Each structure stands twice: as C-alpha cells, then as structure tokens.
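Visitor: Okay, here's what each chain looks like letter by letter:
Protein chains: 2
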Amino acid sequence: MSEMNRIWRLRKRPVGDITDDVLSFEEESIPEPSDGEFLFRLNYLSLDPTNLIWMRDIDQYMPPVELNAPMRGVVCGTVLKSHHPDYPEGAIVGGIGVWADYQIGTPQSVNSMGDTGPIPVVDAFSTFAVVGPTAYFGLLHIGEPKEGDTVVVSAAAGAVGSIVGQIAKIKGCRVVGLAGTNEKCGWIKDDLGFDVAINYRTEDVPKALAAACPHGIDVYFDNVGGKILDACLNLMNFKGRIPTCGLISQYTATEPVPGPFNYEMIVMQRLRVQGFIVLDFAERYPEAIAALSQWMAEGKITVRTEIVDHLENALQTLKKLFTGANTGKLIIRVKDV
Amino acid sequence: MSEMNRIWRLRKRPVGDITDDVLSFEEESIPEPSDGEFLFRLNYLSLDPTNLIWMRDIDQYMPPVELNAPMRGVVCGTVLKSHHPDYPEGAIVGGIGVWADYQIGTPQSVNSMGDTGPIPVVDAFSTFAVVGPTAYFGLLHIGEPKEGDTVVVSAAAGAVGSIVGQIAKIKGCRVVGLAGTNEKCGWIKDDLGFDVAINYRTEDVPKALAAACPHGIDVYFDNVGGKILDACLNLMNFKGRIPTCGLISQYTATEPVPGPFNYEMIVMQRLRVQGFIVLDFAERYPEAIAALSQWMAEGKITVRTEIVDHLENALQTLKKLFTGANTGKLIIRVKDV
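Respectively, the protein sequence lines represent chains V and L.
Under our numbering, the first residue of the first sequence carries the number 17, and numbering increases by one thereafter.
Under our numbering, the first residue of the second sequence carries the number 17, and numbering increases by one thereafter.
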C-alpha cells in the first residue's frame with residue numbers, strides 16, 4: 017500500500033473546553049501488523065464524553081492517552097491484512113482503537129462484530145458498542161428499578177439517556193427526563209414515551225422535578241452531576257439508587273467542582289450512589305445486545321444516530337457533546353459497510 | 017407520686033453550633049400511662065450526633081422533634097408502673113424516648129433489654145443500643161471488607177469508629193484511623209490495634225493517608241464527610257465501598273455545604289457510596305449483639321464510655337460531640353442499675 021494514513025494525535029491536554037489545538041490531524045505511513053495482529057480500516061468512529069476524560073491526565077478508569085500518542089476511540093473497522101486466524105481479511109471488528117484511517121488490531125483491543133442480521137452495521141455499532149449496554153446494565157443492574165418506580169434520567173435525549181428512559185418504560189416505571197431544548201423534550205416525550213420531559217435550560221429544575229415526581233424519585237440515572245444531581249437528591253425516596261454513569265456538566269471545568277450540596281441525603285434517605293463503566297460488564301454484553309435487539313425489533317426502543325462524514329471532522333464534532341448540540345449518538349462515518 | 021418530673025424541651029432550632037437556648041430544662045408533673053403503656057424512670061441517656069439532626073427541620077430519617085416538644089433521645093430506663101403485660105414493674109427497657117426523668121413507654125418505642133449477663137447494664141446500653149450495631153452492620157454489610165483490604169475510619173476514637181476499626185482488624189484488614197488528638201491517636205493505635213493513626217488536626221491528611229495506604233483504600237467508613245472524605249476519595253481502589261454513617265463535619269454548618277470535590281472518583285473507580293442508619297437493621301440486632309458480646313468477652317473489642325452524671329448536664333455534654341472533646345461513647349447517668 018502506498019497510500020498514506022491519516023491520524024489524530026493528542027498534542028495538548030485540554031483545560032476547560034476542548035480547543036482546536038488539543039489534537040492534530042496528520043499524515044503518516046500505514047502501520048504493518050506483526051504476528052497475532054491485523055490491520056483494519058476505519059469504518060465508523062464513536063464520539064463519546066469519555067473521549068475528553070481520556071485526554072485529561074487525571075485518575076480514571078483507563079490510563080490517559082499519552083501526549084503525542086494517537087487519540088483513543090471506540091471504533092468499527094474492516095480487516096485488510098491479517099496475521100491472526102480468527103480475524104480474516106474482510107471481518108468487521110469493533111472495540112477500542114484510535115482516530116485513524118488505518119490501525120493495528122489485536123484480540124485484546126477489538127472483537128469481531130459477527131453477523132448483525134437485519135440491523136445495518138452502523139446501527140449495530142452505534143447502539144451496541146457502548147451506549148446500549150451502558151443504559152442496560154446501568155439502569156437494570158445498578159439502578160434496580162421496580163414496576164411503579166419513578167425513574168429520572170438526565171441528558172435524556174442523549175445516546176445513553178434516551179435508551180435508559182425507554183428501558184425504564186418497558187419495566188413499568190414512571191419516567192421523567194431532562195433535556196436542553198424543546199425539540200429534545202418533544203422527542204423523548206412524544207416519540208419515546210417518557211411521562212414528563214423537563215427543559216433544564218428554561219424551567220426551574222427543582223420545582224419542575226418536584227411537580228413531575230409527586231411520589232419522589234426511586235432511581236436517578238445520573239449522566240451529568242451538578243445542579244440536576246442536587247435537585248434529584250432532594251427528592252430521593254428511602255433506599256433510592258443513583259447509578260452514576262457520567263458527570264458531563266463538570267468535565268470541562270477548570271476549577272475543582274464541588275460535589276452535590278445535598279450529599280447529606282445519602283445518609284438521611286439511605287441512598288446508594290454507585291459509579292459504573294460499561295466495560296465492567298464486558299462479559300455480559302451478549303445479554304444486553306439480545307435484549308436491546310429484541311426491543312428494537314418490536315419497536316419498543318427507538319435510537320437516533322447523528323452521523324457526520326469524514327474523519328477530519330472528528331474534533332469539531334466531538335465538541336458538540338459538551339454543549340448539548342448533538343441529538344442522539346454521534347458517529348463519524350469514514351466508509352459505510 | 018407527688019414528685020415532679022424534669023424534662024428537656026426543644027425551644028429553638030439550632031443554627032450552626034448548639035447554643036444554650038435551643039433546649040430548656042423544666043419541671044412538669046409526671047405523666048400517667050394509659051392502657052398498653054407503661055411509665056419508666058430514666059437510668060441512662062445516650063448522647064449521639066443524631067440528636068442535632070433531630071433538632072433541625074430538615075429532611076431526615078425520622079420526623080424532626082417538634083418545637084416545644086420533649087427532646088428525643090436513646091434511653092435506658094426501669095419500668096415503675098405498667099399497663100402492659102410484657103413490661104412488668106422493674107423491667108429494664110431501652111429504645112427511643114425523651115430527655116426526662118419519667119416518661120411513657122410503649123412496645124413501639126422501647127424494648128426490654130433482657131438479661132445482659134455479666135455485662136453491666138450501662139455497658140450493654142452504651143455499646144449495644146446504637147453504636148455497636150451501627151459499626152457492625154455498616155462495616156460488614158455495607159462495607160463488605162475482605163481479608164487484606166485497607167479500611168480507613170474517620171472519627172476513629174469515637175464510639176462508632178473505634179468499634180469499626182476493631183471489627184476490621186478481626187476481619188484481617190489493614191486499618192487506618194483518623195482522630196483529632198495525639199491521645200486519641202495513641203489509644204486507637206496502642207490499645208485498639210489500629211495499624212496507623214493519623215491526627216487530622218496536626219497532620220497533612222492527604223499526604224498522611226497516601227503514606228498510610230500504599231495499596232489504596234478498599235473501604236472508607238465515613239463518619240465525618242468534608243475534607244477527609246475528599247482525601248479518601250482520591251485514594252479509593254477499584255470498586256471501593258464507602259459506608260456513609262454520618263457527616264458530622266457539616267452538621268453545625270450555617271451555609272449549604274458542598275459535597276466532595278472528588279465526587280468524580282465515584283465513576284472513575286466505580287465506587288459504591290451507601291448511606292445507612294442502624295434502625296434499618298433493627299430486626300437483625302441479635303446477630304450484632306451476639307458477635308459484639310463474644311468479641312468483648314474475648315478481649316478483641318474494647319469500648320470506652322464517658323459517663324457524665326445528672327440529667328441537667330445533658331445539653332452541655334452534647335456539645336462535646338461536635339468539637340471532638342469526648343472520648344468514646346457519651347452517656348448521661350441519672351441512676352445506676
């Protein structure tokens with residue numbers, strides 16, 4: 017192959033908002049796979065809040081990306097050249113890779129995506145790679161909702177939140193979602209079946225939440241932290257659960273961010289606040305994918321993917337996640353399969 | 017009975033520190049028990065951080081004490097006059113009562129303390145009524161320590177913390193305690209067998225904790241919240257547990273208190289933060305009392321009770337809890353039994 021590779025490298029750790037100089041987009045030669053490795057071409061790149069966490073040199077659930085190293089991402093690719101018998105040329109793989117057209121895979125970094133059946137690869141990748149299982153395990157295994165419970169979801173029109181709310185409805189819960197535009201609120205309420213949608217930018221959140229949750233909150237699925245967490249803590253019922261999926265409201269902060277002012281409610285109401293990452297449930301992925309596939313086939317779960325073409329747009333598109341400008345799962349499409 | 021009753025009533029809700037005008041000590045007539053009730057005389061009054069919570073009009077795990085009502089407390093008494101067959105005259109009872117020489121009991125408010133065997137009633141009341149079971153269930157059932165785990169305890173020379181640390185040692189853990197004087201640090205290390213004691217008033221807590229926990233923290237038993245919680249969060253290991261027993265550092269605050277600045281670690285390390293109150297485990301008390309009795313008989317658990325005579329000293333003595341001036345469990349002794 018004489019073609020060049022294009023690759024995003026981390027050049028600066030972001031302080032506050034993501035700036036254009038944190039990553040550089042460069043041309044390099046295409047790598048060669050060694051024994052047990054394979055070369056794959058990028059089809060789709062998932063953009064997720066955790067990308068920003070990986071850029072920062074803070075304690076986190078994986079090592080931060082090293083300065084000047086290729087940017088890490090959740091990727092879907094097609095194997096081009098293989099030195100591993102289980103990953104033949106043409107196989108579609110998904111997992112942890114880098115923001116580059118061509119990259120080396122190993123069985124430790126990516127898995128075969130198998131036959132996605134009637135589901136297009138891009139939809140399978142968009143929903144099953146990260147966000148669907150995150151919603152599934154976070155809500156069901158950490159949140160433990162029971163029929164009739166009130167479940168509140170923040171970032172409810174986001175990729176994870178929108179699925180959380182729909183699973184909670186399937187489980188017979190009353191579901192209240194918070195989102196940042198009237199369009200998003202309309203979508204989760206009218207199209208996804210949430211009982212109440214609250215526009216957290218225009219409404220008085222504590223008041224609106226209290227009105228929406230006359231019997232208190234049993235499960236608050238926390239994607240954002242900050243003021244919405246504080247408002248929910250005030251309404252939590254006895255032995256309520258708070259699966260902590262992410263704290264996106266504070267990822268771009270430049271000063272130390274205080275925790276919730278109503279932290280005391282953890283004792284008063286005997287709450288369980290539990291952080292999780294979907295990787296914790298890696299070996300139970302098939303359970304989540306089977307359930308999600310069935311619900312999607314039955315029309316009980318609708319997902320929305322915002323597809324942006326061209327790898328060169330990755331950095332600008334990532335910024336949308338932190339301003340709430342995206343709707344649904346953000347995917348960079350390099351080449352359809 | 018022509019004698020008068022002496023009773024503490026809540027006259028003002030405390031703002032910040034407890035002031036002398038929040039309670040008044042008054043003389044009243046002795047109440048008469050109705051059918052199904054009994055009259056008992058106070059022997060011992062337990063002073064606990066939760067007394068302050070009960071005085072405040074905030075969301076909490078029981079209704080706040082009403083203004084002008086008798087102050088609520090954990091009490092031990094002797095039945096004087098009974099209209100209930102299970103509580104004969106002379107029975108020793110313990111449970112939730114009020115700060116008064118004479119008071120009415122019901123089976124809903126107090127239970128018979130039974131035969132305490134070789135253990136003096138004051139010791140049984142001091143250790144078994146609240147603090148021992150709190151330490152037992154909070155550490156073992158919420159904290160779930162495993163042999164070899166590092167367990168950190170704040171307020172470690174306090175009534176609950178000192179028992180938590182000793183149970184953790186019995187379970188084969190490395191135990192680090194934080195206390196506020198060198199005398200207290202000496203006691204928990206030399207007498208109780210903690211591996212490390214940190215004086216949080218004189219030492220750099222984050223640095224001392226990091227040195228004391230070279231393999232991180234698996235269980236942080238939180239009695240205090242605030243800066244010590246923040247320092248512990250920074251050192252928590254993957255899937256660490258934080259049983260949240262109390263947040264005494266903030267009970268006298270007059271402004272909203274921010275939660276921990278390192279709240280983000282809950283996601284990063286997939287921590288479980290869980291609040292509890294000993295009442296949640298009420299029906300399992302016998303398990304805790306049996307274990308604690310045996311450990312005390314074997315010399316594996318030492319408890320320290322600070323006994324202050326006379327009911328009129330209750331308010332001044334309660335203040336000690338919030339300045340760290342007490343050592344061990346604080347008890348007001350009205351009449352020995």
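Be aware that one or more of the hints could be misleading.
If several chains are the same, the list does not tell them apart, and a pair holds so long as it fits within one copy or across any two.
What the hints assert, rightly or not - Calculated lysine-lysine pairs in the DSSO-like style (CA-CA distance at most 30 angstroms, straight line):
1) K28 to K187
2) K28 to K223
3) K243 to K255
4) K223 to K162
5) K162 to K255
6) K97 to K316
The set of hints was computed from the structure by calculation and includes no laboratory data.
Keep in mind it's a predicted model, so treat the numbers as computed, not measured.
Visitor: Against the structure shown, which of the earlier numbered hints fail to hold, in ascending order?
Guide: Those not satisfied are hints 1, 6.
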